[in-house]
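Taken in order, these protein sequences are the chains called E and W.
Per the working numbering, the very first residue in the first sequence carries number 14; after that it's consecutive.
Per the working numbering, the very first residue in the second sequence carries number 4; after that it's consecutive.
FRET-style restraints, in silico, Cβ to Cβ:
no., chain 1, residue 1, chain 2, residue 2, range
1, W, Pro8, E, Ile287, 18 to 26 Å
2, W, Ser124, E, Ser262, 54 to 62 Å
3, W, Arg24, E, Ser262, 28 to 36 Å
4, W, Leu482, E, Arg101, 33 to 41 Å
5, E, Ala265, W, Gly416, 51 to 59 Å
6, W, Pro417, E, Ile290, 37 to 45 Å
It should be emphasised that the hints constitute simulated quantities derived from the structure, not laboratory data.
Just so we're clear, the structure is a prediction, and the values are computed from it rather than from any experiment.
Ideal placement from N, C-alpha and C gives every residue a C-beta, glycine not left out.
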Amino acid sequence: MSKIEKALSRARDGRSNLQVVPIAGASTAPPAGTAVVANSAAHPETIPRMAKSEVRLLGSGDLAQRGLIQPQDSEDPAVQVFRELRTRIVQQSHGQNAVILVTSVTEGCGGSFIAQNLAAAFAFDMGKTALLIDCNLKRPSVHRLLVNASVPGLADYFENPDLDIKKIIHPVGIARYRLITAGARREILEEHFTSEKMKHLMDTLRRRYQERFIIMDGPPMSKIADIRILSDLADYVLVVARYGRSTNSQIANCLNAIKDKKLLGMVFNEEPRIPRIR
Amino acid sequence: MQLLPEQVAKALVTESFHSRRLVVGIFVLVNAAVLAAGLLWPRGYTASTSILVDERTIIQPLMQGAAVATDALDRSKNAREVIFGRKIMDLVLEYGGWLKGKPSEERERLIEEIKKRTAISTVGKNILRIEYHDVDPERAFRVTEKFAELFIQESIAAKAAESAAAFAFIEKQTQDYQDKLARTEGELKELRSAALDVRAGSESEVTTRLNDLNKRIDATMQELREAEVKEASLERQISGEAESTADIFREGQYRVRIGELQSKLDTLRLSYRDTHPDVVQVKQQIQDLTDGLNAQRVRPEKTKRDEAVVNNPIYQQLRREQAQNQGTIDALTARIAELQRQLQGEIGRGKRMHSGDARLAELTRDYQINRDIYQDLLRRRENARVSMNLDRDRQGLTFRIQEPVTLPQSPAGPRFWHFVAGGMLLGILIPLGLLYARLQFDPRIRISSAIAATHKLPMVTVVPHLWSPAELRGLRWELVALTLVVVATVAASAALSAMRFIKVL
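Assemble the whole structure, with the sequences as input and the hints as a guide.
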């Protein structure tokens with residue numbers, strides 16, 4: 014494959030993601046990075062404004078490599094499933110933005126995969142934005158979506174009082190999709206989740222964009238204390254079980270621990286599917 | 004949780020895809036194992052024959068009604084005893100060529116092997132089936148034929164021996180009864196010549212004569228009784244005649260005298276009163292005479308016969324009659340004695356005749372029974388002789404080959420293509436079975452609806468595996484490889500079948 018062909022291919026991939034990205038809004042709007050909670054409600058065109066801060070958007074190859082759904086594959090059952098899940102959450106929150114905690118029954122059930130793709134599904138909706146927060150401080154994985162993983166994240170925010178919130182929010186390369194990594198310093202204690210700073214962060218994030226849906230990628234249910242703290246911060250909790258891995262007793266233990274009205278339900282992940290091979 | 008059939012089917016399909024390498028691996032292994040088994044499976048040929056056996060034994064119809072035959076034993080058991088007997092097995096060993104170059108110690112082992120390969124069964128009631136299995140079709144054919152032949156031979160010989168024994172038995176019985184009959188006849192003859200009067204019909208004669216004698220005795224007795232009555236009567240008359248003659252004579256004198264005195268008294272009473280001495284005197288005389296008359300009447304003692312009585316003609320006539328009557332009585336008494344003697348004689352004869360009759364009846368009965376049995380035995384003996392001759396000449400249709408042995412063309416037991424087909428089937432069923440078992444017994448959840456049903460929890464969504472293009476490319480190659488493996492397995496099976504068919508293997 015010649016260099017020209019590679020360039021063409023990349024351009025084609027890039028367009029597929031760009032299609033859903035709206036054209037940048039009015040030039041009068043301040044840059045997205047400077048947006049503050051106080052004036053966010055007064056600027057309904059926040060999403061067009063957000064587009065200004067987008068990095069180069071990812072092509073379909075990049076999305077696939079990161080294990081993310083692709084909006085153009087609307088026939089793909091996986092894409093349909095995440096769209097349905099998004100619709101359901103929107104219906105549940107009556108159109109208001111919401112904080113969703115995604116946790117796994119055990120380690121390796123694919124909770125991060127669900128969280129990342131749920132965020133992508135929200136981002137694919139042109140009327141909504143998504144913010145993914147990596148709350149699994151022991152085994153973070155969200156940073157892999159970024160090209161440069163060593164960016165300030167949640168841990169840095171807790172440790173450094175001067176660090177502005179906007180410094181930890183990073184665009185992924187998907188329109189209206191932002192994320193906060195676990196941060197460079199991962200040895201922080203989970204007690205930070207109960208801190209006022211965390212509450213302040215959540216309030217700020219929630220209020221910054223009314224159409225923003227915040228997805229917290231939580232640790233597995235075995236970290237029951239963390240889950241209880243994080244579920245207090247969230248509006249809804251999704252529990253992820255995995256095909257051929259989770260047992261009924263594990264699920265029963267989780268449910269006994271959570272017993273929360275916030276529990277939206279169970280997501281059964283990784284069900285084998287015979288793909289159509291062309 | 005109870006799974007619905009469609010849930011199980013769907014789960015099996017997805018599981019098979021999920022564990023595709025394992026499934027294909029097991030398919031290949033199972034096919035290889037079964038094909039190897041098919042190649043190593045010893046080929047064998049089975050030859051069979053059926054023999055129609057007559058149901059009845061020879062003794063049974065012969066002894067019908069006269070004796071009860073024992074129950075026939077299980078026919079196949081009998082046949083097994085005959086065929087697996089040392090005699091036939093030795094012949095078969097020799098005939099089948101097993102003994103060539105083999106030490107005699109192996110004989111027992113060989114016999115046991117042949118027994119194991121031989122099946123004897125009964126089809127229906129009368130058909131005996133012999134099956135023999137061998138690696139060599141030719142030998143299977145020949146040995147089965149030999150088995151049938153030897154069995155028939157042996158059975159016919161046994162049958163001939165049986166019928167000969169039956170004949171000998173009946174012959175002996177016939178002889179016994181003949182002797183018995185002759186003895187009875189002799190006794191009968193003796194009895195008849197010993198008592199000539201004792202013969203049929205003489206009983207009625209005796210009875211008639213007894214009756215006659217009894218009648219005559221009765222009549223004579225009657226006559227005797229009459230004569231005795233007459234005797235008594237005459238005796239009474241004779242004594243009565245004498246008394247009355249004397250009495251009448253004395254009373255007459257008294258009555259004449261009383262009459263005279265009465266006349267005199269009447270005459271006196273005409274002139275005198277009753278107190279007159281003459282009247283009184285006369286009265287006294289009359290009274291005396293009356294007393295005398297009365298005394299005469301009551302006098303007990305017999306009046307002595309006197310001449311007047313003896314000379315009475317009536318008396319004399321009576322005496323004559325009495326003498327005659329006495330003679331009659333004597334004659335009758337003598338006759339009765341004679342008749343009584345005759346009667347006793349007849350009774351004795353009758354008794355003798357009865358005992359003779361009983362003996363005669365006994366002997367006659369024995370004679371008749373013996374004669375009947377003897378005649379029956381004679382008939383049976385002739386039947387037995389015919390049966391014996393039939394068996395000796397092998398004319399009896401008691402054994403017939405119903406279905407002759409044919410040279411087996413195709414091997415018995417499972418054929419190679421059975422193994423091929425079985426391998427394919429098992430190669431599919433075993434992995435599916437294992438997957439099903441995993442589905443049922445593995446606690447790890449593979450069916451999403453099970454979670455919702457078990458935990459009463461809303462199942463928000465089921466996320467299928469998200470195939471990345473790289474994964475899809477890998478999958479494509481993997482599927483091609485797996486398909487090739489399956490095709491190669493099937494092709495190998497087919498090739499082996501073809502080689503087996505053209506007898507290369």
